[in-house]
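I would like the entire structure built from these sequences, with the hints used as guidance.
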Amino acid sequence: MTPDREAAGAPGLRERKKERTRQALSDAAVALFLERGFDAVSVAEVAAAAEVSKPTLFRYFPAKEDLVLHRFADHEDESARVVTAARAAGTAPLDALYAHLLDGLARRDPVTGLCDHPSVLRYLRLLYGTPALVGRLHAYRVRSEEALAGALAGGAEGVGDPLLARLAAGQIVTVLRVLAEENTARIAGGETADAVAADAVAAAGLAFRALREGLPY
Numbered sequence: 057m058t059p060d061r062e063a064a065g066a067p068g069l070r071e072r073k074k075e076r077t078r079q080a081l082s083d084a085a086v087a088l089f090l091e092r093g094f095d096a097v098s099v100a101e102v103a104a105a106a107e108v109s110k111p112t113l114f115r116y117f118p119a120k121e122d123l124v125l126h127r128f129a130d131h132e133d134e135s136a137r138v139v140t141a142a143r144a145a146g147t148a149p150l151d152a153l154y155a156h157l158l159d160g161l162a163r164r165d166p167v168t169g170l171c172d173h174p175s176v177l178r179y180l181r182l183l184y185g186t187p188a189l190v191g192r193l194h195a196y197r198v199r200s201e202e203a204l205a206g207a208l209a210g211g212a213e214g215v216g217d218p219l220l221a222r223l224a225a226g227q228i229v230t231v232l233r234v235l236a237e238e239n240t241a242r243i244a245g246g247e248t249a250d251a252v253a254a255d256a257v258a259a260a261g262l263a264f265r266a267l268r269e270g271l272p273y
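Our numbering puts the first residue of the sequence shown at 57, with every later residue one more than the last.
Incorrect hints may appear among the rest.
DSBU-like mimics (lysine-lysine), calculated; alpha carbons at most 30 Å apart, straight line [as the list claims (entries may be wrong)]:
#	residue 1	residue 2
1	Lys120	Lys110
2	Lys110	Lys74
3	Lys73	Lys110
Pairwise CB distance ranges, derived in the manner of DEER restraints [said to hold, decoys possible]:
#	residue 1	residue 2	range
4	Val190	Asp159	47 to 55 Å
5	Tyr273	Thr77	45 to 53 Å
6	Ala96	Gly270	44 to 52 Å
7	Asp159	Tyr273	27 to 35 Å
8	Leu180	Gly270	44 to 52 Å
9	Arg178	Ser109	22 to 30 Å
10	Asp130	Ala244	18 to 26 Å
11	Ala96	Leu180	12 to 20 Å
12	Lys74	Glu101	31 to 39 Å
13	Ala162	Glu71	28 to 36 Å
14	Ala241	Thr147	27 to 35 Å
15	Glu269	Ala241	22 to 30 Å
16	Leu262	Gly93	31 to 39 Å
None of these hints come from the bench; they were simulated from the model. Just so you know, these numbers come straight off a predicted model, no measurement behind them. Glycine residues also receive a C-beta, built at the ideal position from the N, C-alpha and C atoms.
Okay, structure coming up:
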């Protein structure tokens, strides 16, 4: 890798190797958790399955729950990144986030809840059926909200007022969560992603109109 690419933010070989290790550890853990249940599998068993020591595992994942939530890692600051890129392109944050959501729905991105792939459904049952993981997911959402608030408040064209940015971020993150949960619930109830898709798009439009115009209550 050239110094120019390093400076541009491209991950180096060491970081790519670390990420491959993280992914392998997470995959090994999730496979065991799906087979036997999260609480029935110890960290030592995960380490043994991945052929690493416990100290090595904890260097990559400070908590057992993080082995499962790793699949959300790329999404934690996703909304913040969308807003930051939009500002650079002269696009309003809500317009950019709405377009990003519609793209995710079209791609059946699991984070939107509009995905009926069997492996995704098994993972979601594990996630939402394990209290410790639900609690960890809340912490993830708090960090996501904080990152989005920072992106909204940042820059000359940002919201400016930190409190207003936090209020806006809280509403946006909640809207995205509720929309995803609605899609997930319908698919868990037996509907296909294709059957839910039109309603999911319509719900996204309704939700973002409410964000722009204010709640009708």
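Inset, instruction - Go through the numbered hints given earlier and state which of them the structure violates, listing their numbers in rising order. - result: 4, 8, 12
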